[in-house]
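Letter by letter, the sequence shown follows residues 1 to 170 of the numbering used here.
Treat the hints loosely; a few may be bogus.
Okay, derived cross-link-like pairs now, SDA-like style, lysine to any residue, Cα gap no bigger than 25 Å in a straight line [stated by the list, open to error]:
id : residue 1 : residue 2
1  : Lys145    : Glu135
2  : Lys42     : Glu32
3  : Lys145    : Pro91
4  : Lys151    : Ser117
5  : Lys41     : Ala125
6  : Lys41     : Gly78
7  : Lys111    : Glu50
8  : Lys111    : Leu52
9  : Lys111    : Pro91
10 : Lys101    : Arg17
11 : Lys148    : Lys41
12 : Lys41     : Ile106
13 : Lys111    : Leu127
14 : Lys42     : Ala31
15 : Lys111    : Phe156
16 : Lys41     : Asn122
17 : Lys151    : Leu168
18 : Lys111    : Lys155
19 : Lys42     : Leu52
20 : Lys41     : Tyr96
21 : Lys151    : Arg112
22 : Lys145    : Ser117
23 : Lys42     : Gln72
24 : Lys111    : Arg77
25 : Lys151    : Glu166
26 : Lys155    : Arg112
27 : Lys41     : Gln72
28 : Lys155    : Glu170
29 : Lys155    : Asp133
30 : Lys41     : Arg18
31 : Lys41     : Arg128
32 : Lys111    : Pro56
33 : Lys101    : Pro56
34 : Lys155    : Ala125
For the record, the hints were derived by calculation from the structure and aren't laboratory data.
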Amino acid sequence: MRAGGRGMVIKYEPLNRRERIVRLFREAIEAENRRDLETAKKKLDEILHESLEVEPEFYFEACFRLADIFLQEDNYRGAVKCALRAILRAPSEDHYRLGIKRLGDILAIIKRENRLSELAENMEATLRLIEEDEELHRFTLALVKLAKGEKVREKFLLPEFNEVFESLIE
1 MRAGGRGMVI KYEPLNRRER IVRLFREAIE AENRRDLETA KKKLDEILHE SLEVEPEFYF
61 EACFRLADIF LQEDNYRGAV KCALRAILRA PSEDHYRLGI KRLGDILAII KRENRLSELA
121 ENMEATLRLI EEDEELHRFT LALVKLAKGE KVREKFLLPE FNEVFESLIE
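Work out the full structure: start from the sequences and follow the hints.
So this is what it looks like as structure tokens:
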């Protein structure tokens, strides 16, 4: 521990941090099962804070659990933003590809609900966040254009991006 100008900052050792994150996941799932989505979101936010930079697998999963909760609340933009954050920080190529598929599942739900247009606005901060990943950025820009009702023809390097995009324009 070290004293900081704004109170004390506690740095957890890796094992303690992992145990704490696992406990938070359990508490988040229990809260979600009770339909206490606010508590579940708070626990998942704590996981995101604890795991950022140091526990990428936990960060990835917490982002997608949060996306699921946002979907339950009909917060479609929030769900997509969480999925994009997970993909951006995916700990491996396999996680990255899985993240794209999971984003595709989220987008399929949004399309089925006829709510893709909600992704046309307030995506600037997210686009700035992901601009370091050129392919993810291009995909998201194309998604926003599609949400605005523009005709979009785009080809991506990864087949997963192409599959998701093609399913949206069908």
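Checked hints:
no. : hint             : verdict
1   : Lys145 to Glu135 : 15 Å, holds
2   : Lys42 to Glu32   : 11 Å, holds
3   : Lys145 to Pro91  : 29 Å, violated
4   : Lys151 to Ser117 : 13 Å, holds
5   : Lys41 to Ala125  : 21 Å, holds
6   : Lys41 to Gly78   : 12 Å, holds
7   : Lys111 to Glu50  : 33 Å, violated
8   : Lys111 to Leu52  : 30 Å, violated
9   : Lys111 to Pro91  : 28 Å, violated
10  : Lys101 to Arg17  : 29 Å, violated
11  : Lys148 to Lys41  : 29 Å, violated
12  : Lys41 to Ile106  : 18 Å, holds
13  : Lys111 to Leu127 : 21 Å, holds
14  : Lys42 to Ala31   : 10 Å, holds
15  : Lys111 to Phe156 : 20 Å, holds
16  : Lys41 to Asn122  : 21 Å, holds
17  : Lys151 to Leu168 : 12 Å, holds
18  : Lys111 to Lys155 : 20 Å, holds
19  : Lys42 to Leu52   : 15 Å, holds
20  : Lys41 to Tyr96   : 23 Å, holds
21  : Lys151 to Arg112 : 19 Å, holds
22  : Lys145 to Ser117 : 9 Å, holds
23  : Lys42 to Gln72   : 16 Å, holds
24  : Lys111 to Arg77  : 12 Å, holds
25  : Lys151 to Glu166 : 12 Å, holds
26  : Lys155 to Arg112 : 23 Å, holds
27  : Lys41 to Gln72   : 12 Å, holds
28  : Lys155 to Glu170 : 15 Å, holds
29  : Lys155 to Asp133 : 16 Å, holds
30  : Lys41 to Arg18   : 19 Å, holds
31  : Lys41 to Arg128  : 24 Å, holds
32  : Lys111 to Pro56  : 29 Å, violated
33  : Lys101 to Pro56  : 18 Å, holds
34  : Lys155 to Ala125 : 24 Å, holds
In this structure, the hints that do not hold are numbers 3, 7, 8, 9, 10, 11 and 32, in rising order.
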